[in-house]
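J.: If you want the building blocks of each chain, they are given just below.
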Amino acid sequence: KQEVTQIPAALSVPEGENLVLNCSFTDSAIYNLQWFRQDPGKGLTSLLLIQSSQREQTSGRLNASLDKSSGRSTLYIAASQPGDSATYLCAVRITGNQFYFGTGTSLTVIP
Amino acid sequence: GAGVSQSPRYKVAKRGQDVALRCDPISGHVSLFWYQQALGQGPEFLTYFQNEAQLDKSGLPSDRFFAERPEGSVSTLKIQRTQQEDSAVYLCASSLGGLAYTSSTDTQYFGPGTRLTVL
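Chains A and B supply the protein sequences, listed in that same order.
Residue numbers are given in the numbering used here: position 5 of the first sequence equals residue 5, and the series is strictly consecutive.
Residue numbers are given in the numbering used here: position 31 of the second sequence equals residue 31, and the series is strictly consecutive.
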């Protein structure tokens with residue numbers, strides 16, 4: 001069974017700092033990897049999707065990388081803002097309908 | 001609709017009661033997923049529908065859990081004889097394509113979830 005691990009479990013940074021969230025997975029046979037954001041009491045919002053053939057994706061201040069062979073992905077957030085405070089989840093898709101999520105990193109950006 | 005909606009948002013049940021959770025996916029979306037998210041954990045896959053067909057129910061934890069999507073749009077997740085360990089947030093997600101959709105860029109759109117508390 002695919003296992004997805006996210007480190008750290010929680011992170012607190014001052015506003016303006018750049019930060020990196022880590023995601024690792026045990027089975028490299030994936031279709032894609034997605035990073036989601038989850039705000040308290042709300043569902044998940046997709047941030048970035050990286051196909052298995054890609055190395056990275058960028059959207060605004062966010063950059064996600066994928067190293068499929070080593071089973072790792074990172075989400076880089078530049079110039080963090082208090083509005084970035086949320087839980088960040090990564091998920092891997094291994095077949096047409098199977099998705100495995102990590103346990104998330106809870107991010108707090110301090111004004 | 002504009003997004004995926006779920007109802008009720010909160011449900012409190014006494015142990016042994018049956019509950020029904022509803023999901024309204026984005027109109028026209030072929031795929032529908034149900035997930036269970038325990039406190040402090042990531043979502044765990046429960047079941048998958050392509051239109052009205054339930055193609056994968058391997059994640060359902062017991063035969064007390066039942067899901068349906070009879071007309072290929074709205075879906076209901078039913079839990080019979082609820083137990084305390086069923087307490088969790090139940091998330092529904094939909095995506096545009098089905099299994100035959102060859103692109104791997106098909107993203108899931110999530111609803112806000114139903115928080116179930118079993119006393």
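The set of hints was computed from the structure by calculation and includes no laboratory data.
Values in this document were obtained by computation on a predicted structure and should not be read as measured data.
Heads up, some of the hints might be wrong.
Said to hold, decoys possible - Stretch-level coverage of chain A by chain B, calculated; a stretch enters the list once three of its residues show a Cβ under 8 Å from a Cβ in chain B:
| hint | region |
| --- | --- |
| 1 | 38 to 51 |
| 2 | 97 to 109 |
Unchecked claim - Below, in silico cross-link-like pairs of lysine-lysine (DSBU-like), each with a Cα-Cα straight-line distance of 35 Å or less:
| hint | chain 1 | residue 1 | chain 2 | residue 2 |
| --- | --- | --- | --- | --- |
| 3 | A | Lys68 | B | Lys11 |
| 4 | A | Lys1 | A | Lys68 |
| 5 | B | Lys11 | A | Lys42 |
| 6 | A | Lys68 | B | Lys14 |
| 7 | B | Lys78 | A | Lys42 |
| 8 | B | Lys14 | B | Lys78 |
| 9 | B | Lys78 | B | Lys11 |
| 10 | A | Lys42 | A | Lys68 |
| 11 | A | Lys1 | B | Lys14 |
| 12 | B | Lys57 | A | Lys42 |
| 13 | A | Lys1 | B | Lys57 |
Here a beta-carbon is modelled for each residue, glycine too, at the ideal position from N, C-alpha and C.
J.: Check whether the Cα positions of A:Lys1 and B:Lys57 lie no farther apart than 35 Å.
T.: holds, 16 Å
J.: Next pair to validate is B:Lys11 with A:Lys42; report whether the Cα-Cα distance is within 35 Å.
T.: holds, 15 Å
J.: Holds or violated: are the alpha carbons of B:Lys14 and B:Lys78 at most 35 Å from each other?
T.: Satisfied, since the Cα-Cα distance of roughly 15 Å is no more than 35 Å.
J.: Holds or violated: are the alpha carbons of A:Lys42 and A:Lys68 at most 35 Å from each other?
T.: holds, 30 Å
J.: Against the 35 Å threshold, does the CA-CA distance of A:Lys1 and B:Lys14 hold or violate the hint?
T.: Between A:Lys1 and B:Lys14 the Cα gap is close to 34 Å, so the pair holds against 35 Å.
J.: Are there three or more residues in the region 97 to 109 of chain A whose C-beta lies within less than 8 Å of some C-beta in chain B?
T.: holds (count 8)
J.: Has the given pair, A:Lys68 with B:Lys11, been kept, meaning a C-alpha gap of at most 35 Å?
T.: Not satisfied, since the Cα-Cα distance of roughly 40 Å exceeds 35 Å.
J.: For the pair we were handed, B:Lys78 and A:Lys42, check the Cα-Cα distance against 35 Å.
T.: holds, 21 Å
J.: Given the proposed pairing of B:Lys57 with A:Lys42, does the C-alpha separation stay at or below 35 Å?
T.: Between B:Lys57 and A:Lys42 the Cα gap is close to 25 Å, so the pair holds against 35 Å.
J.: Holds or violated: A:Lys1 and A:Lys68, Cα atoms, limit 35 Å.
T.: At roughly 17 Å apart (the allowed maximum being 35 Å), A:Lys68 and A:Lys1 satisfy the hint.
J.: Are there at least three residues in the region 38 to 51 of chain A whose beta carbon sits under 8 Å from a beta carbon of chain B?
T.: n = 8 at 8 Å, threshold three: holds.
J.: When you check the alpha-carbon spacing of A:Lys68 and B:Lys14, does it fall within 35 Å?
T.: violated, 45 Å
Consistency with the previously given hints fails for numbers 3 and 6, ordered from lowest to highest.
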